[in-house]
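Novice: To convert a position in the sequence shown, counted from 1, into the working numbering, add 61.
Since the hints were derived computationally from the structure, they do not count as laboratory data.
The calculated EDC-like cross-link candidates involving lysine to aspartate or glutamate, where the alpha carbons are at most 20 Å apart (straight line), are:
{"no.": "1", "residue 1": "Lys417", "residue 2": "Asp362"}
{"no.": "2", "residue 1": "Lys1235", "residue 2": "Glu1370"}
{"no.": "3", "residue 1": "Lys776", "residue 2": "Glu766"}
{"no.": "4", "residue 1": "Lys1606", "residue 2": "Asp1690"}
{"no.": "5", "residue 1": "Lys444", "residue 2": "Glu477"}
{"no.": "6", "residue 1": "Lys201", "residue 2": "Asp253"}
{"no.": "7", "residue 1": "Lys111", "residue 2": "Asp395"}
{"no.": "8", "residue 1": "Lys679", "residue 2": "Glu617"}
{"no.": "9", "residue 1": "Lys225", "residue 2": "Glu1402"}
{"no.": "10", "residue 1": "Lys584", "residue 2": "Asp574"}
{"no.": "11", "residue 1": "Lys488", "residue 2": "Glu498"}
For each label pair, taking beta carbons as the anchor points, the in silico distance ranges come out as:
{"no.": "12", "residue 1": "Ala770", "residue 2": "Leu1439", "range": "36 to 44 Å"}
{"no.": "13", "residue 1": "Asn1404", "residue 2": "Lys715", "range": "55 to 63 Å"}
{"no.": "14", "residue 1": "Gly1267", "residue 2": "Arg691", "range": "50 to 58 Å"}
{"no.": "15", "residue 1": "Glu506", "residue 2": "Lys223", "range": "49 to 57 Å"}
Glycine included, each C-beta is placed from N, C-alpha and C at the ideal position.
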Amino acid sequence: MSSVKVAVRVRPFNSREISRESKCIIEMSGGTTTAITNPKVPPNTSDSVKRFNFDYSYWSHDPHDADFSTQSMVYKDIGEEMLQHSFDGYNVCIFAYGQTGAGKSYTMMGRQEEQQEGIIPMICKDLFGRIQETETDELKYSVEVSYMEIYCERVRDLLNPKNKGNLRVREHPLLGPYVEDLSKLAVTDYQDIHDLIDEGNKARTVAATNMNETSSRSHAVFTIFFTQRRHDTMTDLFTEKVSKISLVDLAGSERADSTGAKGTRLKEGANINKSLTTLGKVISALAEVSANKKKANSKKDFIPYRDSALTWLLRENLGGNSKTAMIAAISPADINYDETLSTLRYADRAKQIVCKAVVNEDANAKLIRELKEEIQKLRDLLKAEGIEVQEEDELNKGSVIKSPSKGRNRNGSTTEMAVDQLQASEKLIAELNETWEEKLKRTEEIRLQREAVFAEMGVAVKEDGITVGVFSPKKTPHLVNLNEDPNLSECLLYYIKDGLTRLGTHEANVPQDIQLSGSHILKEHCTFENRNNSVTLMPHKDAIIFINGRKLVEPEVLRTGSRVILGKNHVFRFTNPEQARELRDKITENEENENEEQEKADTQQVDWNFAQCELLEKQGIDLKAEMKKRLDNLEEQYKREKLQADQQFEEQRKNYEARIDALQKQVEEQSMTMSMYSSYSPEDFHQEEDVYTNPLYESCWTAREAGLAAWAFRKWRYHQFTSLRDDLWGNAIFLKEANAISVELKKKVQFQFTLLTDTLYSPLPPELAASVSPVQPDDEYGAPPVSKTLVAVEVTDTKNGATHHWSLEKLRQRLELMREMYHNEAELSPTSPDYNVESLTGGDPFYDRFPWFRMVGRSFIYLSNLLYPVPLVHKVAIVNERGDVRGYLRIAVQPVLDEESIDFNNGVKQSARLVFNEDDAKPKYRALNEKDDVQRYIDNGGLDSKLEELEDADSGRGIDSNSASECQEHTDEPGEHLQLGKEFTFRVTVLQATGIGAEYADIFCQFNFLHRHEEAFSTEPVKNSASGAPLGFYHVQNITVPVTKSFIEYLKTQPIMFKIFGHYQTHPLHKDAKQEFVSRPPPRRMLPPSIPISQPVRSPKFGPLPCPPSSTVLAKHDVLVWFEICELAPNGEYVPAVVEHSDDLACRGLFLLHQGIQRRIRMTIVHEPTPEVKWKDINELVVGRIRNTPESSDEQDEDACVLSLGLFPGEVLEVPGDDRSFYRFEAAWDSSLHNSALLNRVSQAGETIYITLSAYLELENCARPAIITKDLSMVIYGRDARTGPRSLKHLFSGQYRNPEANRLSGVYELSLRRASEAGSPGVQRRQRRVLDTSSTYVRGEENLHGWRPRGDSLIFDHQWELEKLTRLEEVGRMRHLLLLRERLGMDTNPNPTTKTEKDVCNLAARAATSPVHMVIPQSPQTPVKDAQQMLPEREYNQREQELMLKCLKLVQAGRYSKNESNDTQTQSDVSPSDEGCADMTVSCISSNSMENNKYIIRHRLCSPDRSDAPNGWEAPAPATQPALPLRLYVPELEEIRVSPVVARKGLLNVLEHGGSGWKKRWVIVRRPYVFIYRSEKDPVERAVLNLGTAQVECSEDQAAMVKIPNTFSVVTKHRGYLLQTLGDKEVHDWLYAINPLLAGQIKSRLARRTLEPASQTASQIQASNAVNVGNANK
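Throw the hints in and build the complete structure from the sequences for me.
Specialist: This is the structure in structure tokens:
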């Protein structure tokens, strides 16, 4: 046993330490002592210096120092000693340890320079040097090497390029741990091993860190297998000694903050530190084991070798069979004090490890050597006893013991034991020295003896002497058994010897030669007599014997091939080889007679079936006749059954044909009218008389209906993303195949789907734009063209750092070339002269040419300031195609006057001349003042204000009436500088660019007009220093244009496009570079819900779930459902379990249950009363998908966890004071029947259980059940545990003590569809499924490592990108207009006086309405009145209003006199089209309906402070909804995921229509719903208002009629509410939360009213000042 030798070596300062002026803190003395000084502790203290003693301490810090240790000195101390151990037959290991950059690799590998070689090259050189010196005929050497690295806990072969994957580390019981498939290469000289080391080092993983530019990122293990083969002339045996030399270069231990590791480097460092930590644990454990053995402690310590691949492979070298040396490399700098101290402690711990090295020699040689030594000792012992031993032959080891000498007394037992032991040892040596020929001769003698024994046993042996079994003898007659199972036939063979062979049972008095067992075998059954090669069978009395089917009575001579049946079960075939050979000799080719045929039949092999059939036939039983009779009976039965089945099938076919004919006739009758009109040609519809005579084509649309139809059609045109799913999922297989071929061919190209839309910031590439249908021109209503979106393929070329976009057609074309390349490479060998695949396929189909410069982004600047003319300096964002801002650009645009245009010395660098023709193509993008056409259409069409409100709601902002009036006053007359026919010059100056990333170099800018791409102006490239300083272009471009109408229109509406280009200086596709560019995520409202709403659990009763209907929705209703889980209480009642409510929980509520208690699930359905929704019964309640994660899948429905609960009858509840419909039902839930461990045991700490329940309810007039599905979360406590809220907030609130608070609510939307449309062709077309090819397997898919083609998420991301681009475009347009207003001074002067200022006001007003609005066409039946003939709405004075109110009373007197208690209903009905408008626009109650209710409201007011209001005013009633006709519906219940964003919450006074009075309620607004609670501490929603179908009103007229301040009304389809805030200032906040559009309109109206008195006051003051000034002048 020997301990590990430990050496420490300190290196010189590196450049990093020199630059930081580090100080040396390492001192060495005596060659063994190393001292380190702590720079953080004051000197001359006890803790300032720490000293360590090692075997060697090498001072390699200063080359000029006298004690400087070179590479050769290190090798002489450590390397030569280890090399000598390897020649002695020991395993050797040298490993270097230290922090990164400490010099480990230099010590082990060194450099290529002279005197700079490391330990590994020098050991290899000396190894081959000593081999050449000592190699002889008796001593031969062989050397093999292997080189591997351990990178991130994965083993990689550095010498075999094919083994690039992860090699497995295995363990052999004898060999120990080894690497499977690790290549071992034989070397003959030092040059071979030098080349292998060089190739392995090149393949090794290195990277740069802050502490080392070439830091080793993996552990390298270089192993030399050194074999010595020696020939022993004395014994003529060959012995071997095998030594394994392991030279390990460990990766450096490091700290993330010191190395600056990020991303991949940080992950590598973590794996390095993990393996080194494990190595430290192993060293510490081994040191403790060594210390415990010294203390005689028998405790068994565990060594964690398997925690890391490094320690597992070095198990034998650490405390095992090895001579081990460790070199600790340290840094002398004070900045690395912590790392250096850790390394020294590491090395000091390793000194205590004790290794048990043994010589690795051949076991036989070792045994012979030990036996020789033992024999010599025994001979010496015998000589001491007076016994002489002589050897006859040294090789034979024969010994002769002679008599002892006279007069010698000795102990006889000791002598005899010594002699026996000597003889035994000599026998062992004789066996070991026995030659191979002698072993073969002895084996042959044993084989012959074994065959003789087998022959006696009846078992034959083949001639090869190896195969033992039952074989047919060539001379001896014998019996072979036949069995019904062919596998058991011919397995028993009985020889018939010469003379008599007896056959019977083992119970016979005379031993029987052949013993059988069975009920019909006698004790002495028969005898076989073999005389002169003739066998006679002699039966005994009463023995049952059959020969060839005939019963044997007299002795008979057996012929070869005869079938012998003994008893009734034993069947044999007799074979006489001599007779068979004689018969074959007699038969010739010409002899063919019956006797010969019979003889041949007898000699052929037969089986058990043949023998049985022969027996039956000879006994008179005809099997064939019996089988034929049975088959005839079966055929007759089959014919009868087939005839009966054909008759039944014919009857069913006739019935189905009759039903099909009836249905076909009904369809033809119903579609007769439509088929008549569909047969008309297009020319028939242009005939004037057909239009008036055909009532089907008479259009009865009003202007408003025609406008709605045009608006809906335009909306439909913009919705084009749904059809893109076909292209995405249908072409996924081609994308996957292209990626798979790219990986197999080692092409650094990846393919992925992308969506491209032709916008200002992201125009389509020319090759893709050609594949898109041409842009549609503006339609007859002036609508802008629709930007086409197409599916493309994004090709990421990581080899060249480029990205291309291919069309789907181009992908298919390139895929054919890829397949051809793949097949050609598979057919050709790499050594073939035609291996150049690219020359065969005509180029590489994976790559495209990539440009030197790449576009950074685009910017747009409008030129409307040239109309006035004023100069402007813009700072615009540089936006890429994905909507990300990549920087900013400063541009100056100014007109050039005539006197300035002559002077070219004022910084003008370039000039150009452009011509705008009148027939120039109109730009395809949205113009700046698109609203002009919309406003003109509305003004001329005379449409009502409701359509304008519809436009405002669609665009998200209202139209100010003052701005509209300014738009009407706008004139299109240009300024004096823009006279038609004259030339106009303006200047564009590109000033600076800021914020452009450091990955771009050589930045330049290029700009042009939108429709003049061929005429572009470019700046000079500017170097990007990446220091953050602005890039100065200062490029001046003068542009002279003849003024035309198209040019003036362009200045008003269109911008100039600026493109910024740059060249990559940092690889953009690098993993670390990608992390720097993180785009802003989409807003929360566009993200999918955090937890997907589960699909209904499949019902065992109703079978598979039906497809969701897509027919017309006839009605929608909001349904509130309360879920309760009741547990059996001690009093025998079922009490609701405690529910913890929180928005942070996955299901917004957590049920706290007890284990092992009976439970019931209770559901209560609440909704507004309506005639078409009447709950009939509950059909089934299914619970399943038991899991511990929120997400669920439909695959969980297949297991046994799905359970259908036992139901109790449902009941309709009558709640006093609440006229809503309540339906409640319960079901018994025995959770143990789910057979789920999650529900059967107590939940673990932090564990939450999730279940999914589906209730199948039956509604009246519905064709299928309505399904309510809900995910519930729960925690199960012990049976006697006290359940309560787990948070202090809920504990102190005390709400869990309220039984009605222990329920969970869910909001659902019930849609009633028409059942008759479920099978129509249109519905089937809408219900078709997209062909999904993404899951289809392609060859090589397993190499993609989890890659998947993008799907629906790509459409979502692209929509967010388009929204970003739209917002950026609108912000840029508005910023330009605001800058122009500020430049003209309009913001300081509220009343424009000059014509220029008015034009700017009009332009700003148009910009405020610039987003695309609805355009209303003129109805062909409604004549359009002239705008001048339309009279403005006149305001009525108080007298006129009173008269109108009296008239209204007289008109409504008869209607309300009959039943005044129900006179609060609104008088206006809502048509289905109006209902659709209300759904889209969140419109308000019209003022007319409120005027109609003045008479009702005025006499029924009461204050909310009063406790009751029996005769008080009621809240406004909703509009009367026409009841739907009773028909067959298809219900669909969809759970609504309530938004987590709270727009407003607080207390409100609520007066409900039909209620008893005002009530104070807690209200929370989560758009589009308003939730009403009883109090602030009430966690359960008691009522739900859907703002999407409600009408909100807040006006002065309403306040005057109600005479209650701070009120506003909300009216749904079924109920009306009057809400009062607690303060004046809260009204606007609540309105803004409920209806932002209405709040904005009210605030704008109030602001205008406050400005009008102020302006009148200002004008009066100015007039008085003018009078005073005039008087003073007088």
